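Asks: Single-letter residue listing:
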Amino acid sequence: MSAGDTAWVLVSAALVMLMTPALGFFYGGMVRKKNVLSVLMKAFITLAVISLQWVIIGYSLSFGEGGKFIGGFQHFMLNGVGQEGSNYASNIPGLAFMIFQAMFAIITPALIFGAFVERIKFSSFLLFTVLWSTFIYDPVCHWVWGKGGWLGAMGALDFAGGTVVHINAGIAALVTALVIGKRKNTGTLGPIPHNMPFTVLGAGLLWFGWFGFNAGSALGANGLAANAFVVTNTAAAAAALTWAVIEWFYSGKPTVLGTVSGAVAGLVAITPASGFVDVTGAIIIGAAVAGVCFVAVSIVKGIFKYDDSLDAFGVHGVGGMVGALLTGVLANPAVNALGTGTMFGNPKQFMIQLISVVATMAYSFVGTFVIFKLIDLTMGVRIKEKDENIGVDLSEHNERAYTLIE
Amino acid sequence: MKLIIAIIQPYRLEEVKQALYKKDINLMTVSEVLGHGRQMGVNEVYRGIRETGNLLRKLRLEIAVNDKFVEPAVEAIVAGAKTGETGDGKIFILPLEECVRIRTEEKGTKAIG
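Heads up: the protein sequence lines correspond to chains A and B, in order. Letter by letter, the first sequence follows residues 1 to 406 of this note's numbering. Letter by letter, the second sequence follows residues 1001 to 1113 of this note's numbering.
Since the hints were made in silico from the structure, they are not lab data. Hints should not be assumed to be uniformly reliable.
Selected chain B positions facing chain A (in silico; Cβ < 7 Å) [as the list claims (entries may be wrong)]: (1) 1019; (2) 1045; (3) 1049; (4) 1051; (5) 1090; (6) 1092.
A short list of chain B residues far from chain A (calculated; beta carbon distances all over 10 Å) [unchecked claim]: (7) 1001; (8) 1007; (9) 1030; (10) 1047; (11) 1056; (12) 1067; (13) 1075.
Remember, it's a predicted structure, so these values are computed and weren't measured experimentally. From the three backbone atoms N, C-alpha and C, an ideal C-beta is built for every residue, glycine too.
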């Protein structure tokens, strides 16, 4: 047991916790003002609901030592998870590992709602979040990180959640956007963001929290954590700059939304790689993901005409894929002996990464479709058109964010 | 009595106010409005997607004056707001039937100034 390691993991858990309300601001600034509170609410209530789901059953299903595909019920209500070290990290209390992982379980379903904001019933959203976490997040988390999970056993590299968190949530976002349909009255491709400073604030806090996300995943206050911290910052910087430059050429001006979107895409893509690549790898990943995600949100989305409102798929799904695959190419064994990529003489790693990406995409796609469709058929997911016109803040929560009169 | 409504560029407000004060016109109501004239607004780009024809921010001044102040007011607004560029705005002059000062209940030309 190490006091230093425990301190770092607990602080990291707190850093990651902040990312969920930060995501609320990142997303909230991009919607119309009649819907901003509902977005902040979705982030906040997810923090509440999944905190409970995780300690009751989620942790057990994810990290319980079960089969290849799912954990078990042995840690129901955190039974057996205590102040002593665990099989996952003997240097820190089992409870510290559990709460660090809880924050990942919370932000992952929160990422998805960027796809269907401004038109979903709150009750259906809540049920979806709980079911999705239990039946999609928890199994995939077990596959990659749980003892006995099949992707982890195969050697898939996912340091801090590129596959488990970002691809998983990104694909779910695409599915939900397709099933729920487009928003009404949004112009050709979507409404204009109502408060860009919120979005920039949210992106800044996400970048800050991401140090806990990635460097905390070292599960210790050590050199690997420092490497993860440095490459996380480097990739985000490279991606933000690249996106801004691409826009400069493509549409004449570097935009703020583009620059912060680039930073988030860079953070997404470095996540699986952060414990395996050096700064050269980080710069390559950051530059590459900015280009790919830009094409995804500015061109591909326009061609297929799905309404992924806030680009949850375009940034997180696509960014996660880029990161997971490039991890297989750029993993440097000098950084971490557990990972050797194609560039360093291990061509097999890329194939393993590809399998883990495709398996996660397939499971998330089918599973999310079934869950979302079931909810739609039983209680309906979409609010009435009249309520959508009024705005979800008033129609679902009886509140509004801004008033004109005192 | 006339009601003068002027649509001006937001950044010209200070100059217009100073010009009005010089002509002894001290009362006005200012509101933020959106609109566009022949230049057809501005383009905005979000994540590479262009939104065309968005409305521009303008200020709307409402000034109620007695007849002898109409010309000086118009001159002051033009002096303060004119840049010679597209989008400088417009001035509308409307007849004004009645005016009541709420505090004293005075009416008409006495109430206006």
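Asks: Hint by hint, work out which the structure violates, then give me just those numbers in ascending order.
Replies: 1, 5, 6 and 10
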